[in-house]
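**Student:** Taken in order, these protein sequences are the chains called A and B. Convert by adding 13 to the 1-based position in the first sequence; the result is the number in this note's numbering. Convert by adding 13 to the 1-based position in the second sequence; the result is the number in this note's numbering.
Some hints here could point you the wrong way.
Note: identical chains are not told apart, hence a pair may lie in one copy or across any two.
[As the list claims (entries may be wrong)] Straight-line distance between alpha carbons at most 20 Å, and here's what the computed SDA-like set of lysine to any residue pairs gives:
id	residue 1	residue 2
1	K93	E104
2	K64	Y97
3	K63	R88
4	K63	Y266
5	K244	T89
6	K64	K78
7	K63	E223
8	K78	A160
9	K268	R80
10	K49	A243
11	K93	D209
Worth flagging that the hints you see were computed from the coordinates, not collected in a lab.
There are 2 protein chains.
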Amino acid sequence: MDSKELREAIRNGEFTGTTSGAAGHKVQANLVILPKVYAFDFLLYAMRNKKAVPVIEVIEDGQTKSRFADGSDIRTDVPKYNIYEDGVLRETTDDIRGYWRDDFVTFLIGCSFTFEQAILDEGLSIRHIDERRNVAMYKTNIATDPAGVFGGELVVSMRPFDESEVETVTRVTEQFPEMHGGPVHYGSPHEIGIRDIADPEYGEGVEMREGETPVFWACGVTPQNAALNAKPSIMITHAPGHMFVTDLENEDYRKNN
Amino acid sequence: MDSKELREAIRNGEFTGTTSGAAGHKVQANLVILPKVYAFDFLLYAMRNKKAVPVIEVIEDGQTKSRFADGSDIRTDVPKYNIYEDGVLRETTDDIRGYWRDDFVTFLIGCSFTFEQAILDEGLSIRHIDERRNVAMYKTNIATDPAGVFGGELVVSMRPFDESEVETVTRVTEQFPEMHGGPVHYGSPHEIGIRDIADPEYGEGVEMREGETPVFWACGVTPQNAALNAKPSIMITHAPGHMFVTDLENEDYRKNN
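Generate coordinates for the entire structure from the input sequences, incorporating the hints supplied.
**Tutor:** Given below as structure tokens:
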């Protein structure tokens, strides 16, 4: 399936699972939908924390189509949405047309699937993909740069690599500065405030093997965390792993640096 | 004077003129102040039109100090401000404390003074600086990418150079992608909708000599033009040539490309 067919299958309820590995080399995006009253603060928060919140597209209030996804409808083309009210998860659903308001602004945010594909293309394997799990994500003690009502700590994703592989994964992911870029840390989890590597706050833990180092990247859950701190009256996101698939090519985001 | 002393002299009314050439190699910025109700649309307009509207800093509502200018006060540290109401110039003043509202958001936007300094450093001369005039600026027929209430045509600044110099000024200004970057056009003004090169819409015309080509760059007046099309209830900008002086170094914005 190409990306347009995949969105249609999602819209029709024929495709309901996670989109990991489902969209070839197309860019997949994190989703955050907020009422316009929060939109300036959120966009400024994103600009100030580009590594964690790389904005691919802003779909203005009153609009439901991504300019980077032919024939798309942001209200139906994500396999699973989370609806938060006042910072509390109210419902998980596959269609948000019933919640839609004309003042909703949609933010599409870069996703680690892009750099994971580049790591795989180097011939390396990624543990949580091999184990068919969601990536392990942790709250850190690294403060983000606040903007308006949004702020809080950086959330990171973790992938273990053999010490001999750390240089390669650093080099490859640095080539995608608009998709979280290079690692923010590797080695001791405690140095960035992670209390227990076996017990992630989001996603699932993975096996750590002898000679392996945990490598940490800024994570697209950071803005969800910031938004939940701010307790907006309503916020809609994708459910973890269930992303919005665009027609953009991952490779178009690779910079030669 | 260093940049902090210059801001103090401006604040105290000791320095009242244009800031062209007054701040050494420090970054000078275009200023746009708008009520927060317009801030999301404006920030999105800037993101979509980075070449014309490169945002250096956003100073949130309720704040008056630039994080890039020690001890600054955005209400007093620009030598001359223009106050627009419903798109009409109401007053030009050297102090906006009387107009200040807690919902005002301030945008500092990159300025061609940065790349002009780099052109001078190459040993080339710039006509309007030699003639002690403000740079010539023109409305074009190139549409900007609209966002919310903001839209309209690109405004460009023009500097004439000998045909043998065009390659050099292109190369040098491309090194400052966050300060308008390389030219958007050179050669025939008519191709980009300029009706009369001798009669600019903003600033002052300059002499064109035998063998010279007009070279056009995206201009920081574009967002003022967009904002005036949108006719916000109130908007405050710097007066042409009377910029906000930061403590940032021009050279820190040079990219090796």
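**Student:** Run every hint past the structure and note whether it holds.
**Tutor:** Verification of the supplied hints:
With identical chains, the CA atoms of K93 and E104 are at most 20 Å apart within one copy only, with a shortest distance of 10 Å there and 53 Å across copies. Taking the shortest alpha-carbon separations for K64 and Y97, neither the intra-copy value of 24 Å nor the inter-copy value of 37 Å comes in at or below 20 Å. For the homomeric pair K63 and R88, neither the shortest alpha-carbon distance inside one copy (25 Å) nor that between copies (29 Å) is at most 20 Å. Proximity of K63 and Y266 under a CA criterion of 20 Å is satisfied in both settings, with 14 Å inside one chain copy and 17 Å between copies.
Proximity of K244 to T89 under the C-alpha cut-off of 20 Å is found in neither arrangement, the shortest distances being 24 Å within a copy and 36 Å between copies. Neither within a single protomer nor between protomers do K64 and K78 lie at most 20 Å apart by alpha-carbon distance, with minima of 25 Å and 25 Å respectively. Neither within a single protomer nor between protomers do K63 and E223 lie at most 20 Å apart by alpha-carbon distance, with minima of 34 Å and 47 Å respectively. Taking CA atoms no more than 20 Å apart as the test, K78 paired with A160 passes between copies only; the shortest distance there is 15 Å, against 27 Å inside one copy.
Taking CA atoms no more than 20 Å apart as the test, K268 paired with R80 passes in neither setting, with 22 Å inside one copy and 29 Å between copies. Within a single copy, K49 and A243 get their C-alpha atoms as close as 14 Å, and across copies as close as 18 Å, so both meet the 20 Å cut-off. In this assembly of identical chains, K93 and D209 lie within 20 Å of each other by CA distance neither inside one copy nor across copies; the values are 29 Å within and 56 Å between.
Violated hints, listed in ascending order, are 2, 3, 5, 6, 7, 9 and 11; each of the other numbered hints is respected by the structure.
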